[in-house]
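Participant: Read off the chains here:
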Amino acid sequence: MTGMTTIATSSSAPPTNALKSRRLPAWTLVAIGVASAVLAVLLFPVGGLMGGGWVLTAVGAVLGFLIALAIVSWAVEGRRAARNRVATSLIYSSLVLALLPLVSVVITLLNKGRTRLDGTFFNNSMRNITAFDSGGGAYHAIIGTLEQAGLATLITVPLGVAGAIYIVEYGKGRLASAIRFFVDVMTGIPSIVAGLFILAFWVLMVSPHFSPTHQPFDSGFAAALALFVLMLPTVTRSTEEMLRLVPAALREGSFALGIPKWKTIMRIALPTALPGIVTGIMLAIARAAGETAPVLLVAGGTPNRNFNPFEGNQESLSVYIYDQAGAATKYGPPRAWTAALTLVTLVFLLTVAAKLLSRRTKLNRK
Amino acid sequence: MKLQRHGILAGLALTATFALAACGSDNNTTPAANAAGGSSSAANPIACASGTLSAQGSTAQQNAINEWVKDYQTSCSGANIVYQGTGSGAGQQAFISGTADFAGSDSPLTAADQPKADARCKTGPAIHLPMAVGPIAVVYNIQGVTGLQLRPATLAKIFAGKITAWNDPAVKADNPSATLPSTKILTVHRSDSSGTSDNFTKYLSTVDAADWTFGHDKTWKGPGGDAEKGSDGIASLLSKTDGAIGYVEWSFAQADNLNVAKVGNGAGEFAELNGDSAGKTIASAQTTGTGDDMQLKIDYRTTAPGAYPIVLVTYEIVCEKGNDTSKLPLLRDFLSYTASTGGQQAIATVGYAPLPESVRTKVASTVDNLS
Amino acid sequence: MSQPSFPGSAEAAPVVPAEPPRDLTVQDDTRTAGVPRHRSGGRTPVAPMGGGGALPARRRFGADSVFRWFTTGAGTLVLVVIVAIAIFLIVRAVPAIRADKANFLTHFEWFPNDPTDPRFGIASLAIGTVSSSAIALVLAVPVALGIALCLSHYAPRRLANGLGFLIDLLAAVPSIVFGLWGRDYLVDPVRNLSGWLHRYFGWIPLFGSDGPYGKSILLGSLVLAIMVLPIITSLSREVFRQASGMNEEAALALGATKWEMIRLAVIPHGRPGLVASIMLGLGRALGETIALALTLGGGRGIGIDIIHDGGNSIAANIANGFGEANDIGRSALIASGLVLFAITLIVNVIARAIVYRRREFIGSAV
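Residue numbers (numbering that gives the first Met the number 0), protein chains in the order written: chain A, 0 to 365; chain B, 0 to 370; chain C, 0 to 365.
Some hints could be false.
[Unchecked claim] Pairs of lysine-lysine, BS3-like flavour, derived with a Cα cap of 30 Å:
#1 Lys183(B) - Lys279(B)
#2 Lys220(B) - Lys115(B)
#3 Lys329(A) - Lys296(B)
#4 Lys220(B) - Lys296(B)
#5 Lys183(B) - Lys201(B)
#6 Lys261(B) - Lys296(B)
#7 Lys296(B) - Lys279(B)
#8 Lys201(B) - Lys100(C)
#9 Lys115(B) - Lys329(A)
#10 Lys201(B) - Lys161(B)
#11 Lys361(B) - Lys320(B)
#12 Lys171(A) - Lys262(A)
#13 Lys171(B) - Lys201(B)
#14 Lys261(B) - Lys329(A)
#15 Lys201(B) - Lys361(B)
#16 Lys239(B) - Lys111(A)
#17 Lys201(B) - Lys239(B)
#18 Lys239(B) - Lys261(B)
#19 Lys220(B) - Lys100(C)
#20 Lys100(C) - Lys115(B)
#21 Lys121(B) - Lys279(B)
Keep in mind the hints are simulated off the structure, nothing from the lab.
Please construct the entire structure, taking both the sequences and the accompanying hints into account.
Facilitator: This is the structure in structure tokens:
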């Protein structure tokens with residue numbers, strides 16, 4: 000596709016070919032860039048226009064570059080080429096603009112998260128830690144995150160995969176297309192709504208039946224249920240996509256051997272699509288592990304460690320970050336940042352592993 | 000083969016989880032940053048009951064309770080006491096609905112709520128036990144300014160939005176020697192329902208009803224300003240916002256190293272906030288309440304020389320009778336520790352003033368009779 | 000899928016009562032080794048062939064129908080969950096709306112916890128939600144479309160894959176981390192920016208406030224913009240990628256510049272898809288909770304300006320107000336969650352309906 004633009008230049012032509020448009024030599028771009036940077040420095044930090052500041056200078060330099068480029072290109076190459084050049088520059092600069100926050104988040108995380116990156120942090124809970132104590136850790140929160148995400152995965156995977164199997168292998172007619180449609184819609188349900196739903200349904204209505212005092216109680220399991228609501232559509236959707244990529248020939252071959260449909264699905268279709276399905280599941284886990292709002296509503300949070308997700312409040316890493324970030328003690332924010340670093344590391348590892356795994360699949364999209 | 004690899008991966012993850020589960024601990028034996036933690040041993044009648052207590056309410060006593068819980072749990076590893084600083088209003092409601100075993104509150108139950116709380120206790124009334132005395136600090140963050148002094152009228156005008164810049168003549172008049180910047184004033188108040196707000200607005204409406212026309216309430220009804228959740232929210236905003244002023248319990252001011260303003264008292268002097276000056280105000284407080292129910296009435300216009308006037312008393316609301324038998328031993332033992340001299344000393348270093356001795360002994364004997 | 004049937008080999012399978020489908024695979028391993036001596040699957044009536052039809056399979060309890068029912072159930076679960084969310088939220092919301100002494104839809108204050116006089120309305124929260132999302136989209140959409148074009152048509156393929164992965168990582172960062180970053184790091188630049196905007200553009204009502212600045216709608220919107228960026232990018236990138244290569248080449252062959260080619264052949268083709276991706280980004284922004292709970296000041300004054308400290312949104316109000324809520328307060332928060340659920344449901348349904356009507360792309364659900 001990139002070779003297409005050479006069509007005008009490739010004609011073996013006399014020096015003044017009408018088809019060959021004039022092009023700006025490469026050095027002009029550099030020159031315009033340098034000139035606008037110098038001008039911006041002269042105007043803003045030196046001249047003190049509009050308060051100066053390096054951000055303003057950078058913005059000014061980029062704007063200056065775009066304007067100068069447009070003018071020069073218009074004069075030399077014509078209006079259409081000028082537009083093309085400005086559009087190209089804008090498109091590339093949007094990429095840089097988007098990478099800035101990512102870089103900033105990562106740097107801030109490494110910078111602020113370093114301070115409490117010690118053994119105490121990973122081996123201790125917040126039990127017996129007051130606002131005046133420097134120690135404490137996120138051990139109980141890590142346990143909570145792992146258990147809640149793990150339980151949610153245990154519930155979601157069979158149901159999500161089965162739902163996808165229904166859509167792809169069995170579903171026909173209105174029900175199937177309604178389910179497909181609402182799986183997509185459900186991916187957009189805000190996490191806080193999922194939390195409120197589990198609060199209204201599980202914590203306030205069902206949980207009193209399990210408590211000796213008939214009081215509603217929070218638990219890690221309730222958090223897992225909320226995460227299930229969030230993970231279900233994601234898992235169903237990615238599994239559905241992968242199952243669709245399984246060549247029909249494989250299934251037909253299996254049917255031809257007289258193998259029943261359910262077994263064909265379990266033995267032929269699922270294993271073929273497995274790497275892709277696992278990728279989808281891992282991405283869903285990564286997203287669920289970082290959720291705060293629903294866990295905040297239904298798991299309660301606690302400074303103590305609690306291995307039992309079915310009874311009593313449980314902490315999670317994200318709730319821990321939320322708590323410590325708002326804590327009125329100078330020891331709170333460093334804990335929050337280290338916990339954030341831990342959480343992001345966990346999530347990134349899952350994401351990267353999922354992406355690497357997805358490369359191994361033999362099924363090709365499209 | 001591929002399946003096998005997944006199996007190995009899963010196995011690794013599982014092993015890692017178990018390894019993690021095995022090596023972590025709940026015990027924080029790190030020496031406390033301040034001397035109070037753990038050192039108050041001799042006078043503590045901790046008998047060690049085990050079980051779990053869950054309580055919630057006032058953030059004003061959060062730091063005190065955490066200190067007590069820490070002392071208690073350090074001695075008794077079988078005890079699990081969780082106190083959530085959700086605000087006095089929420090604590091009372093949680094107590095009434097039975098989700099909290101006791102509530103921490105800076106304001107007594109209202110006449111409407113008292114019968115509901117009594118009903119929750121089944122056989123006995125719900126009573127108030129004064130447990131911690133917390134001065135409310137007026138905290139500020141003005142670049143380059145320390146030792147700020149504020150007359151009650153100035154304070155009321157600032158929070159009522161009638162003074163909007165730090166170099167206002169009224170502020171200058173209170174601080175003749177300070178160089179005040181023209182920074183705009185950002186008042187910070189609680190966004191949640193809070194006994195601290197109630198007490199602070201009670202103070203404002205008592206000392207300067209002309210400027211503070213918003214009465215007193217657990218929810219902040221004043222105009223403008225920034226709302227933050229919990230005393231911790233106010234404190235953490237104050238620590239990083241130039242030009243801000245707010246009110247938190249002294250304890251939070253200490254935990255975050257905030258600047259505390261000197262406040263004018265009824266004797267016409269600017270009183271610095273410390274245990275002594277707060278104690279002088281409490282000494283002049285009146286005890287009210289019937290039977291074992293005890294409430295303290297603070298005189299915000301106290302004319303005692305050197306007295307710091309903005310002080311709140313925070314209560315534990317408990318059932319006098321009719322407590323859950325599985326919770327009772329721990330509840331009684333924990334509260335008798337908090338009402339002991341040792342317990343009261345333990346919180347003196349984290350921003351609270353001890354209860355007057357006459358009140359303390361009465362509370363202690365009431366606690367012993369809880370059933 | 001056509002139902003394969005092998006009536007000739009249909010035989011009475013060992014009596015296996017209906018059992019949990021998960022066990023079926025294991026069970027079956029011991030019984031057969033994939034030899035085609037199974038009864039037919041599916042419910043298609045079996046046409047007798049060679050007289051074997053005398054032994055019809057017991058379809059009602061066969062493994063195949065159990066499996067089929069299980070997957071159908073799992074698929075239907077999605078619909079059940081969505082309906083259940085609506086029902087439970089409504090049931091819990093009604094008491095609060097009954098107790099409300101003010102109009103729930105138009106009142107501007109939120110005091111549901113007052114035991115005697117609960118007054119609350121969703122108006123200012125809804126305005127905060129909509130305005131922060133709108134500003135976030137205004138900031139994010141141009142950048143996101145720029146990146147998407149860059150990745151699909153400008154950057155070399157290898158680079159595009161790498162950058163696309165980076166953008167995906169941006170999507171993987173948990174919202175609590177963005178919130179923490181916004182509150183602890185971005186707030187200072189935004190405070191400076193607000194002061195600057197007011198100083199030089201204070202005549203625009205949006206920047207009319209003379210402070211205090213910091214935790215404002217602007218800060219919340221910036222954080223939101225960064226969070227919706229990856230969603231819009233990844234979906235619109237799919238849209239751009241699926242533009243017809245023939246049209247693109249035709250445009251280039253006619254002498255169009257690259258930008259003209261994109262304007263003529265790529266963007267018109269993908270317009271519905273773009274609208275859908277923007278709507279999905281909007282859905283995400285409307286429901287975002289914890290990042291806004293950390294970055295919005297939470298004051299209840301609402302005004303036209305976006306730089307003044309304060310502001311709140313439905314979701315952030317739930318997260319921040321939940322801990323202190325009493326029974327009515329909690330119901331009130333659930334009622335506000337119901338409104339949020341309704342809004343996001345509508346936005347998502349419209350977005351997905353656009354996608355479904357014109358199946359240009361099957362973007363993976365984010």
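Participant: Find the hints from earlier in the document that the structure breaks and name them by number, from lowest to highest.
Facilitator: 1, 3, 9 and 21
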